[in-house]
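Participant: Below, each chain spelled out in residue letters.
2 protein chains.
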Amino acid sequence: MKKQIITLAIAGAMSLALPSGLMAQDSALTSDMIEHAKMIGEKALNSTLTEEIITSLTTEVGHRLAGSANDVKGREWAINKMTAMGYDKVWTEPVTIPLWHRGTASARITAPFAHNMAITALGNSVRTPEGGLTAEIVQFDEYKDLVAAPEGSLDGKIAYVSFRMEDSGVAGAKGYGYAGQARRNGSVAAAKAGASAIIIRSIGTDDNRTPHTGSMNYADGVTQIPAAAISNPDADLLDNVLKHGKPVTIELNLTSHSHDPVVTYNVIGEITGSDEPDKAVLIGAHLDSWDLAMGALDDGTGVAIVMSAGKHIIDGGVKPKRSIHVILFAAEEEGLYGAHEYVRAHKEDHNDFGQTILGAEWDSGTGRIINLEPGVGPTSLTVMREIGAVLAPYGVATLMTNGAKGQSDMSALGNAGMPAVNLGMEKTNYFDYHHTPNDTLDKVDIPAITFNSSIYAMFAFMAASVDVDYMK
Amino acid sequence: MKKQIITLAIAGAMSLALPSGLMAQDSALTSDMIEHAKMIGEKALNSTLTEEIITSLTTEVGHRLAGSANDVKGREWAINKMTAMGYDKVWTEPVTIPLWHRGTASARITAPFAHNMAITALGNSVRTPEGGLTAEIVQFDEYKDLVAAPEGSLDGKIAYVSFRMEDSGVAGAKGYGYAGQARRNGSVAAAKAGASAIIIRSIGTDDNRTPHTGSMNYADGVTQIPAAAISNPDADLLDNVLKHGKPVTIELNLTSHSHDPVVTYNVIGEITGSDEPDKAVLIGAHLDSWDLAMGALDDGTGVAIVMSAGKHIIDGGVKPKRSIHVILFAAEEEGLYGAHEYVRAHKEDHNDFGQTILGAEWDSGTGRIINLEPGVGPTSLTVMREIGAVLAPYGVATLMTNGAKGQSDMSALGNAGMPAVNLGMEKTNYFDYHHTPNDTLDKVDIPAITFNSSIYAMFAFMAASVDVDYMK
Numbered sequence: 001m002k003k004q005i006i007t008l009a010i011a012g013a014m015s016l017a018l019p020s021g022l023m024a025q026d027s028a029l030t031s032d033m034i035e036h037a038k039m040i041g042e043k044a045l046n047s048t049l050t051e052e053i054i055t056s057l058t059t060e061v062g063h064r065l066a067g068s069a070n071d072v073k074g075r076e077w078a079i080n081k082m083t084a085m086g087y088d089k090v091w092t093e094p095v096t097i098p099l100w101h102r103g104t105a106s107a108r109i110t111a112p113f114a115h116n117m118a119i120t121a122l123g124n125s126v127r128t129p130e131g132g133l134t135a136e137i138v139q140f141d142e143y144k145d146l147v148a149a150p151e152g153s154l155d156g157k158i159a160y161v162s163f164r165m166e167d168s169g170v171a172g173a174k175g176y177g178y179a180g181q182a183r184r185n186g187s188v189a190a191a192k193a194g195a196s197a198i199i200i201r202s203i204g205t206d207d208n209r210t211p212h213t214g215s216m217n218y219a220d221g222v223t224q225i226p227a228a229a230i231s232n233p234d235a236d237l238l239d240n241v242l243k244h245g246k247p248v249t250i251e252l253n254l255t256s257h258s259h260d261p262v263v264t265y266n267v268i269g270e271i272t273g274s275d276e277p278d279k280a281v282l283i284g285a286h287l288d289s290w291d292l293a294m295g296a297l298d299d300g301t302g303v304a305i306v307m308s309a310g311k312h313i314i315d316g317g318v319k320p321k322r323s324i325h326v327i328l329f330a331a332e333e334e335g336l337y338g339a340h341e342y343v344r345a346h347k348e349d350h351n352d353f354g355q356t357i358l359g360a361e362w363d364s365g366t367g368r369i370i371n372l373e374p375g376v377g378p379t380s381l382t383v384m385r386e387i388g389a390v391l392a393p394y395g396v397a398t399l400m401t402n403g404a405k406g407q408s409d410m411s412a413l414g415n416a417g418m419p420a421v422n423l424g425m426e427k428t429n430y431f432d433y434h435h436t437p438n439d440t441l442d443k444v445d446i447p448a449i450t451f452n453s454s455i456y457a458m459f460a461f462m463a464a465s466v467d468v469d470y471m472k
Numbered sequence: 001m002k003k004q005i006i007t008l009a010i011a012g013a014m015s016l017a018l019p020s021g022l023m024a025q026d027s028a029l030t031s032d033m034i035e036h037a038k039m040i041g042e043k044a045l046n047s048t049l050t051e052e053i054i055t056s057l058t059t060e061v062g063h064r065l066a067g068s069a070n071d072v073k074g075r076e077w078a079i080n081k082m083t084a085m086g087y088d089k090v091w092t093e094p095v096t097i098p099l100w101h102r103g104t105a106s107a108r109i110t111a112p113f114a115h116n117m118a119i120t121a122l123g124n125s126v127r128t129p130e131g132g133l134t135a136e137i138v139q140f141d142e143y144k145d146l147v148a149a150p151e152g153s154l155d156g157k158i159a160y161v162s163f164r165m166e167d168s169g170v171a172g173a174k175g176y177g178y179a180g181q182a183r184r185n186g187s188v189a190a191a192k193a194g195a196s197a198i199i200i201r202s203i204g205t206d207d208n209r210t211p212h213t214g215s216m217n218y219a220d221g222v223t224q225i226p227a228a229a230i231s232n233p234d235a236d237l238l239d240n241v242l243k244h245g246k247p248v249t250i251e252l253n254l255t256s257h258s259h260d261p262v263v264t265y266n267v268i269g270e271i272t273g274s275d276e277p278d279k280a281v282l283i284g285a286h287l288d289s290w291d292l293a294m295g296a297l298d299d300g301t302g303v304a305i306v307m308s309a310g311k312h313i314i315d316g317g318v319k320p321k322r323s324i325h326v327i328l329f330a331a332e333e334e335g336l337y338g339a340h341e342y343v344r345a346h347k348e349d350h351n352d353f354g355q356t357i358l359g360a361e362w363d364s365g366t367g368r369i370i371n372l373e374p375g376v377g378p379t380s381l382t383v384m385r386e387i388g389a390v391l392a393p394y395g396v397a398t399l400m401t402n403g404a405k406g407q408s409d410m411s412a413l414g415n416a417g418m419p420a421v422n423l424g425m426e427k428t429n430y431f432d433y434h435h436t437p438n439d440t441l442d443k444v445d446i447p448a449i450t451f452n453s454s455i456y457a458m459f460a461f462m463a464a465s466v467d468v469d470y471m472k
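The listed protein sequences correspond, in order, to chains V and U.
Position 36 of the first sequence, counting from 1, maps to 36 under this note's numbering, and the rest follow consecutively.
Position 46 of the second sequence, counting from 1, maps to 46 under this note's numbering, and the rest follow consecutively.
In case anyone wonders, no lab produced these hints; they're calculated from the structure.
Errors might be hidden in some of the hints.
What the hints assert, rightly or not - Just a sample of chain U residues kept apart from chain V, beta carbon distances all over 10 Å, derived: (1) A28; (2) E35; (3) V61; (4) N208; (5) D236; (6) K279; (7) A293; (8) N371.
To be verified - Residues from chain V shown here face chain U by an in silico Cβ test under 7 Å; the list is partial: (9) S56; (10) E60; (11) T104; (12) H115; (13) E251; (14) P437.
To be verified - So these bits of chain V aren't anywhere near chain U, every CB distance computed over 12 Å: (15) T48; (16) V61; (17) T96; (18) A114; (19) N116; (20) A118; (21) K157; (22) L238; (23) P261; (24) G273; (25) D291; (26) Y433; (27) L441.
Computed from a predicted model, the values in this text were never measured in an experiment.
Glycine residues also receive a C-beta, built at the ideal position from the N, C-alpha and C atoms.
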């Protein structure tokens, strides 16, 4: 334990000392830029704006299911808000998306013991036949076992994956990425084995009767079967019922369904750069949310953080050399539709994708930022570490790796070639609430997102002020 | 801080030393009784029976709403279980209760911003008119403000009490008792002022979208209006919407309703005493539960604790002098119907109420027992403290007060004259889950209820073995 503390202390000292030494010799950041960034940061820390924005969004709009009436409301809210805040330009860019409607969901264990279960449809799921579907369930410990089920082995059955996500992180053997396979691809695997439907244990770390929704995929040539998630306590119950060794039947009724595609929009607010206005640093979040709650953590916090960060830069009164685009992506939840469309439009239609010089997203809920991972060219890495050095006294450590591709939406841009930065956060209980009816304002740590807004403001101002090519 | 620790240490030493001194002189407990009680207790601590019982009840039966089909299932389960466990006698005693059906509940803020809310009917509530009820709400900070509303001031309005329960205990200015007034009596106060319905903030300490139900009362001569509770996050949202200062309208739809009275039953299992079998020490819990979950904490834990405690005494192989009755009361939630009927039947019909010599209930969820408060006659108090001294090494302190009237159901018996003991528990998050869809098996602390079963077994064996009149 003691050793760990000492190691951390040394690392902390180094991260402070090293870039500061570099800066003395050949800094790209000027002391004016740094002083101004710190001033913006201090003001941001003492501002209530981030709180006001997320309170306004969750209270006046609520959820923003992509393509829904509330999505329209959210967009109008964002346009009005950014316009009123004094962004130099605010515009939208169209994104065509499939329109999905959640409908109602119910599930009941009918034998050997009767129980109602808390269940929700997975995003994109088709409905059950009229009147519902009653079938025996076949339990699988995890997704890979379901994949191994022979063709025909689930004919007329409902597949059930009972795997529990236990890590609060994205990676790891029991983290979101691994556990989430059952949600994303379970329906295809189950349908290949002949199942009529699939039920999964919620991909979440809580013990509430609040099932976790989330997107799922169908595959060409594979029957589309209904897919839904039960809450963790309901999965515990189902597991206990299964232990009796008798056939377990479930009555499942989903009315979820898809409509014809509709057009929604990315919303962009610009702080126009003084020297090279066509080049832009992007700070982003996604405006859409699932519809079970109010999308406070996912991704109201990101919306509030980047919108307020921009406003703090505006209020600072000094234009950065390049533009800053606060981008609120559309339809992230259904599969990064807004981000993919951004890449397509700007890369193929306008051939101006290279003008998007750097991007950073916030789609991580409510934790404080504790580190910065660059994903830039080898030469500009020095600049990024200079920026990191300014943020270090605020507890943001610059990672030695240089592999960031951007979070969530921004990863689509990162994978298409945009340099990116990931601002990483402390551990939180994000996956207790993620995609559930519990994603409400009270779960937001206001001091933490206020802090994060300050970091984003300082980061974006410096990144857009310095004269560097982040590709190089 | 240090002072507190020292004080506690002295108190602990005294509670151990004092009764032990008494025992040396004129103990009513024999060393055989004590040794046997300790043996039972040790076995109970190492037993999985309490866990098995609560797992069986919640998995095989689920909720036990009084008068429902599941209530019948629960009763059959209890009779079969206690019979199989080797109780000397198992019988039921009829209780006539009003039959209430929860139906469906929905509530939507329709203006100035549209939001769906998580809501549930309060137990006993009447339904809204066919098609629901849309009205402006009038907010009250707490119950006493609603009581002060002038007659006619709420005509055509829905009353809303936003008071938040913040203490995790029953007493205190923000505890269950005080906050619960709005639930129990709010409908009468609202109707007197002319309201068409009442909505309250859930009486609970959590931040989940899981509203808390619970019993409510109507009064003769006062219009019966629908009553429901919204979850804490929904109440937070509603409070935020109200801050905009515009009229807030809600569409409320409840289909809850009452049927003709039905008969349910208290279930009693007897360990027949060797010397005075007609006299009985009661250890009790309530078998019924609300219907939103599986009644694991409320009061599955009590059922499991007292049923297993009895079984441990049976397995110990020594009969106590007086009988022990493990009593599972019916319809506690709706208003102690089973307990009141017990008093009526045994006091008025059979005139044998005095044979019920002492009672202790467990209706406190999942916390470990940390103290014992007697409620007995002045002479027998010495005996109760001797029993307490045996439990002291297990961390159960005997309180110096002698005012216990019995918890929950047992309070009806205590108020009718039965000597009682309260076994008090450590603080838990009981009121996060109480009366909600979250009252599920995963919330139960199995080691804690196993421990409690051990304490109940030791307590009941000793209390029924010693030759004393607890009235005196």
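Participant: Compare the structure with each hint and give your call.
Facilitator: Okay, the hints, checked on the actual structure:
{"no.": "1", "hint": "A28", "in the structure": "45 Å, holds"}
{"no.": "2", "hint": "E35", "in the structure": "38 Å, holds"}
{"no.": "3", "hint": "V61", "in the structure": "7 Å, violated"}
{"no.": "4", "hint": "N208", "in the structure": "5 Å, violated"}
{"no.": "5", "hint": "D236", "in the structure": "5 Å, violated"}
{"no.": "6", "hint": "K279", "in the structure": "39 Å, holds"}
{"no.": "7", "hint": "A293", "in the structure": "7 Å, violated"}
{"no.": "8", "hint": "N371", "in the structure": "28 Å, holds"}
{"no.": "9", "hint": "S56", "in the structure": "9 Å, violated"}
{"no.": "10", "hint": "E60", "in the structure": "5 Å, holds"}
{"no.": "11", "hint": "T104", "in the structure": "11 Å, violated"}
{"no.": "12", "hint": "H115", "in the structure": "5 Å, holds"}
{"no.": "13", "hint": "E251", "in the structure": "15 Å, violated"}
{"no.": "14", "hint": "P437", "in the structure": "4 Å, holds"}
{"no.": "15", "hint": "T48", "in the structure": "14 Å, holds"}
{"no.": "16", "hint": "V61", "in the structure": "7 Å, violated"}
{"no.": "17", "hint": "T96", "in the structure": "26 Å, holds"}
{"no.": "18", "hint": "A114", "in the structure": "7 Å, violated"}
{"no.": "19", "hint": "N116", "in the structure": "8 Å, violated"}
{"no.": "20", "hint": "A118", "in the structure": "7 Å, violated"}
{"no.": "21", "hint": "K157", "in the structure": "22 Å, holds"}
{"no.": "22", "hint": "L238", "in the structure": "10 Å, violated"}
{"no.": "23", "hint": "P261", "in the structure": "25 Å, holds"}
{"no.": "24", "hint": "G273", "in the structure": "36 Å, holds"}
{"no.": "25", "hint": "D291", "in the structure": "9 Å, violated"}
{"no.": "26", "hint": "Y433", "in the structure": "9 Å, violated"}
{"no.": "27", "hint": "L441", "in the structure": "6 Å, violated"}
When held up to the earlier numbered hints, the structure conflicts with 3, 4, 5, 7, 9, 11, 13, 16, 18, 19, 20, 22, 25, 26, 27 and fits the remainder.
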